[in-house]
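K.L.:
Assemble the whole structure, with the sequences as input and the hints as a guide.
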Amino acid sequence: MIEGNNNNKGFSEDFRRRVKENRPTRWVRFSIVMVLFLLWVAWMGNWWLALGALLLFDIYITGYIPFTWWKRSKNKGVRSVMSWVDAIVYALILVYFLFAFVGQNYQIPSSSLEKTLYTGDYLFVNKTVYGPRVPMTPVYFPLVHNELPFGLGKSYLDNPSVKYRRLKGQRNVEAGDIVVFNFPAGDTVMSKVPNPDYYSLVAMHGRDRVVNDKATFGEVVYRPVDRRENYVKRCVGLPGQWLKIVEGDIYINGEKFLTPENVQFNYFYQSSEGGLTPDEFDRFEIPVDDRYNVDVAPSDAESLRALGFKVNPDGSVPNIYVSPMTAAMVDRMENSPRIAHVMKQVPSPEIMVSLFPEALSGNWTRADYGGEDGLWIPKKGVALKMTPKAWDIYGRVIRVYEDNPTAEWREGKLWIDGKPVDYYTFKMDYYFMMGDNRDNSLDSRYWGFVPEDHIVGTPWRVLISFDKDKSLFEGKIRWNRILKDANPDK
Numbered sequence: 349m350i351e352g353n354n355n356n357k358g359f360s361e362d363f364r365r366r367v368k369e370n371r372p373t374r375w376v377r378f379s380i381v382m383v384l385f386l387l388w389v390a391w392m393g394n395w396w397l398a399l400g401a402l403l404l405f406d407i408y409i410t411g412y413i414p415f416t417w418w419k420r421s422k423n424k425g426v427r428s429v430m431s432w433v434d435a436i437v438y439a440l441i442l443v444y445f446l447f448a449f450v451g452q453n454y455q456i457p458s459s460s461l462e463k464t465l466y467t468g469d470y471l472f473v474n475k476t477v478y479g480p481r482v483p484m485t486p487v488y489f490p491l492v493h494n495e496l497p498f499g500l501g502k503s504y505l506d507n508p509s510v511k512y513r514r515l516k517g518q519r520n521v522e523a524g525d526i527v528v529f530n531f532p533a534g535d536t537v538m539s540k541v542p543n544p545d546y547y548s549l550v551a552m553h554g555r556d557r558v559v560n561d562k563a564t565f566g567e568v569v570y571r572p573v574d575r576r577e578n579y580v581k582r583c584v585g586l587p588g589q590w591l592k593i594v595e596g597d598i599y600i601n602g603e604k605f606l607t608p609e610n611v612q613f614n615y616f617y618q619s620s621e622g623g624l625t626p627d628e629f630d631r632f633e634i635p636v637d638d639r640y641n642v643d644v645a646p647s648d649a650e651s652l653r654a655l656g657f658k659v660n661p662d663g664s665v666p667n668i669y670v671s672p673m674t675a676a677m678v679d680r681m682e683n684s685p686r687i688a689h690v691m692k693q694v695p696s697p698e699i700m701v702s703l704f705p706e707a708l709s710g711n712w713t714r715a716d717y718g719g720e721d722g723l724w725i726p727k728k729g730v731a732l733k734m735t736p737k738a739w740d741i742y743g744r745v746i747r748v749y750e751d752n753p754t755a756e757w758r759e760g761k762l763w764i765d766g767k768p769v770d771y772y773t774f775k776m777d778y779y780f781m782m783g784d785n786r787d788n789s790l791d792s793r794y795w796g797f798v799p800e801d802h803i804v805g806t807p808w809r810v811l812i813s814f815d816k817d818k819s820l821f822e823g824k825i826r827w828n829r830i831l832k833d834a835n836p837d838k
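Numbering follows my numbering, with no gaps: position 179 of the sequence shown is 527.
Mixed in with the good hints there might be a few duds.
[As the list claims (entries may be wrong)] With a Cα cut of at most 27 Å, we get these calculated BS3-like pairs of lysine-lysine:
id: 1; residue 1: Lys511; residue 2: Lys728
id: 2; residue 1: Lys737; residue 2: Lys761
id: 3; residue 1: Lys775; residue 2: Lys592
id: 4; residue 1: Lys463; residue 2: Lys592
id: 5; residue 1: Lys767; residue 2: Lys733
id: 6; residue 1: Lys733; residue 2: Lys761
id: 7; residue 1: Lys516; residue 2: Lys728
id: 8; residue 1: Lys727; residue 2: Lys761
id: 9; residue 1: Lys727; residue 2: Lys767
id: 10; residue 1: Lys658; residue 2: Lys692
id: 11; residue 1: Lys775; residue 2: Lys733
id: 12; residue 1: Lys511; residue 2: Lys767
id: 13; residue 1: Lys692; residue 2: Lys463
id: 14; residue 1: Lys540; residue 2: Lys562
id: 15; residue 1: Lys463; residue 2: Lys816
id: 16; residue 1: Lys728; residue 2: Lys761
Source of the hints: derived by calculation from the structure; they are not laboratory data.
P.N.:
Put into structure tokens, the structure is as follows:
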């Protein structure tokens, strides 16, 4: 008993000594970290996490766990190396929390929002607007998304995993928002060809070849929600709304959706004589990747003349191109002596890649989409009567996004866990996303709805922008885009 009391007394004296030895600056640092930590715990809404305060108290004040053992080493090399390791670890922890709960940088890799957001823009994506999503795969390397560099494999561990949960944000997703989200069809990819996704590859090459040709495509890889590729599009349809597209115009619940200023459609245009020079393309603001020359056969001359294109007396046809353009770009061309004719392209039904949903969209096009009634966008808590048509549209939503792996359509009914279901009640909200480059954007018209648990955030500002077609001395850095509003139509 006496020995026990002595041990308790020794620990108490040692504890007080450790506390008293800390300088005031150490207490200030600890207080700041503790306040931020407790605010984060309150935001998370899980007070069990507050137990982490004990670890912080030991790290900053008492030091029983020897995290800083290297400071007492007599080896100068060990102290030097470990000081760098210590700084890097602290930085990675800070980056982890900033990227997970505040925001992160994101690069625009494609032209689906061109003229609103440019290929080569680097954005800061704000995750606090809609509320940050608690990481579902919490153990990951914070500076990369799903693959480590140099072919070192996955950047995350599949386990442990956490169910979807979103912290309180400033507001919900609104119509017209530009949104960054995880690609829904990116749940399954091929290891050697991760883009396009597995489903697109199967549509293009057939399942047997994709699965069996491992030299070309590799192995089938499943990715959790928050490790799927990041996409950025504009939200044009909200949960519970009806959407259809008529001659390129979007209608929501029967009313025309506001068209963004920089929306683009494909146009054919013809030079008055000869071909357009690179400088002329630049003056018309048409990037290199969008300068498509149309092959014209001599037999096409009369049909082209009937469409208003210029045909020379000898039967030859001046160069015809097709590019995505805004209304302002079309107006500039129509008033230029270098352009003989401009005509909007009329999209035809897709051949290589089907529109969504494949079972119903045979005669739909990018510009005339949704059929007579349009598509209903699923809304959380709404019970939908299940019919064969409903299964064709919402089958993947029910089976994959809502985690009902046993769901199937048989005997004229929806079956889940071996039981027939007449109505299905959706567990999440869903959104319909489209690019402003309407005729050149792989979006919800091709792969369907975006579930709420895939939403990452909304772009806030363009940090910097690089034009890949220009050298450093020819205007590679787009100075006029630095800190530009990344969501100008809102």
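K.L.:
Run the structure past the numbered hints and jot down the numbers of the failing ones, going up.
P.N.:
Hint check: nothing fails, all pass.
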